[in-house]
Amino acid sequence: MPERHDGRSPLRDQRAAGWWATGAALLISVLFSVIAHAAGVANLPQGDPQRGSTIYERCQACHSLDRNRTGPKHCGLLGRAAGSVDDYRYSPALRNSGIVWSVDSLDRFLENPLKTVPGTRMGYAGVKNPQERADLIAYLATVGACGKMP
Amino acid sequence: MTESIVSLPRRSFFAQAGRTTLSAGAVMLLAGCAGNRAAMAASSETDINILNSALGAEQEAIAAYQVGAESGLLTKPVLDLAVQFQGHHKAHADLLAETVRDLGGAPAEPLANYDFPTADLKSEADVLRFAAGLEKGAVSAYLGAVPLFTERELAKAAASILGDEAMHWAVLRNALGENPVPVAFVS
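Same order as they appear, the protein sequences are chains A and B.
Everything in the first sequence is counted per the working numbering, starting at 1 for the first residue and increasing by one.
Everything in the second sequence is counted per the working numbering, starting at 151 for the first residue and increasing by one.
Chain B extracted, bound-state conformation (with noise of 0.2 Å):
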C-alpha cells in the first residue's frame, strides 16, 4: 500500500474516547467494559473471521482515501476531511488487527495493490461519490457483522465503528449536495 499522506494524529478515533490502547482490551474499554479477556480468548474462530472481513474492508478504505486524497482533484477542505476519515480507518484497522492477534488468530495483510475504478473519477464529486459508496457499504457490512460475534463486547465495539462508518457516509451525501440522512434506517 502507497505511504499515508499523513501520519495517524493520535487524536484519532480512540485518542477522542481517552483511550490509547489498541488490543482487545481496547474493545471492551471502547464498549465500556473492563471486563474480563478470557472471555475474549474463548471466542471463536467465527469472531476472528468477521474481524478479519471487516479488517479487509478497513484497509481497502485506507487505500482509496489515499487514492482521493492523491487524485488533486480535492479541494482543501475536502482535503482534509478526506485525511481525518482516513485517519479513522486507520485507527479501526489498528484496533481489528490487535484484536485479532488477542484472539489468537493472524490479522489479514492489505493488498500489494488495490483495483480502484480510478479511471471514473475525474471531479472532486466522483470522488466524493465514490467514498460515499464505500461508507454506505461499510454501514451495511457492520450492521451485518453485528449480530454474528460470539463475544457481545466485539459486537458492541463492532456498533461503535459502524456509527463512525455511519457519520462519514451523511457527511460525504451533504458534501455533494444530497440529502445527508435519506432514511430513518440503515440496513
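Pulled out of the complex, with its shape left as it was, chain A reads as follows (with noise of 0.2 Å):
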C-alpha cells in the first residue's frame, strides 16, 4: 500500500467513509419513513396478495368478501369510508370513525382494531406482524367493486 503524505492511514479513511455511508443511509431512511407518515402511507413491507389470500382466511371466521356476515363484506373495502355498507349494522364508533379505508388506515386498524377505534365490535387482537398486514392488504386491494368480482 502506497504511503501517504498527511499522514493519516488510509484504512481510517475507510472507516470514516463507511460511518459516513452509513448515516446517511440512517438519515435518508428517517427522512423516508417521516414523508411516508406525512403523506398517509404505510410504512409496511412490500405485500403479497397472494400470502395475503392465506392470510384472509383468519378473518373468515367473521368476514367475506361478497357477503355480509358477523362482519361486513369486504369487496371494494379500499377507498370506501368506514361503516359505509348500506345493509351492515356497524358499531356507532366506526360508522362515526371518519376513517377511509386506505393502505395506512388499514394498517393501523388491523394492527389493534380495538386501539385504533375504541367501541368497534370487531373483538379481535389484531394482526401485529407488519408483513402479514402487508400481505393481507395487498389481497384486500385485489378484490374487485361489490358486484363487479370475477
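No wet-lab data here; the hints were simulated from the structure.
Predicted model, so just to flag it, every value in this text is computed and none were measured.
Ideal Cβ positions, reconstructed from N, Cα and C, are used throughout, including at glycine.
Careful: at least some of the hints might be erroneous.
[Claimed, not checked] With the Cβ distance kept under 8 Å, some of the chain A side facing chain B (calculated, not the full set):
#, residue
1, Gln60
2, Ala61
3, Arg67
Assembly of the complex is requested from the two constituent chains, each provided in isolation within its own frame, with the hints serving as guidance.
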C-alpha cells in the first residue's frame, strides 16, 4: 500500500467513509419514513396478495368478500368510508370514526382494532406482524367492487 | 333460523364436563374456578362486545350445519358428525348468550336469514370444505379474542371453546382426506 503524505492511515479513511455511508443511509431512511407518514402512506413492506389470500382465511370466521356476515363484506373496501355498507349494522364507534379505508388506515386498524377504534365490535387482537398486514392489505386491494368481483 | 334437526342433547360440551348451568358462573366453572361473580360483573363493555361477536359467529355456524345437514348430500356418518358439531356450537352459543346477560348486556340475536353460498355445495366434500373453512375461521377468531378479555376467566373459557373448534377443523380435514393437523401452530 503506498505511503500517504498527510500521515493519515488509509484504513482510518475507509472507516470514516463507512460511518458516513451508514449515517447517510440512516438519515435517508428516517426522512423517507417521516415523509411517508406525513403523506399517509403506511410504512409497510411489500405485500404479496397470494400470501394475503391465505391470511384472509383467518378473517373468514366473521367476514366474506361478497356477503355480510358477523362482520361486513370486504368487496370494494379500499377507498370506502368505514361503516358505510348499506345493509350492515355497524357499531356507532366505527360508523362515526371518519376513517376512509386506505393502506395506511387499514394498517393501523388491523394492527390493533380496539385501540384504533375504541368501541368497535371487532373483538380481535389484530395482525401484529407487519409483513402479514402488508400481504393482507395487498390481497384486499385486489378485490373488486361489490357486484363486480370475478 | 330454521328449526334444528335435533334437539341439543344434554350430552353436550358442558354436560360431558359435568356442567349443566349455562351462566357466567358456568364460564368460571368451565375455567376451573369457583371464583367471584362480582369480578365478572366488573368486566367492561369490551368483554360484552367480544362475546357478542363470538355469539354471532356461533349462531351462523349452527345455521350453516343446519344447511349442510338438510342438503341431502351427507352420508350417515358425516351427518352424525355434523349434528354433533352443531350441538357443540349450540352449547357455545347458549353459554356466550348467558354470559352476556350476566354481564348486563343484550345477547346478539341470530339473523333472520343467512346468506350461505349454497349454490357451491354440490357434494359431500363441498359441504365438508365449507364447514372446515368456518371452523378454521372460528379458531382464528377465538385466538384473536382470547388476549382481549379484561376478565381472565373469560379468556380461559374462550380458549376452551377454541380447542373444541380446532378439533372440529381437524376432524373435517381428516374426513376430506387431508392432513388433519397441517401446522404446529394455529393463527
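Which hints from the list above does the structure break, by number from lowest to highest? Those not satisfied: there are none.
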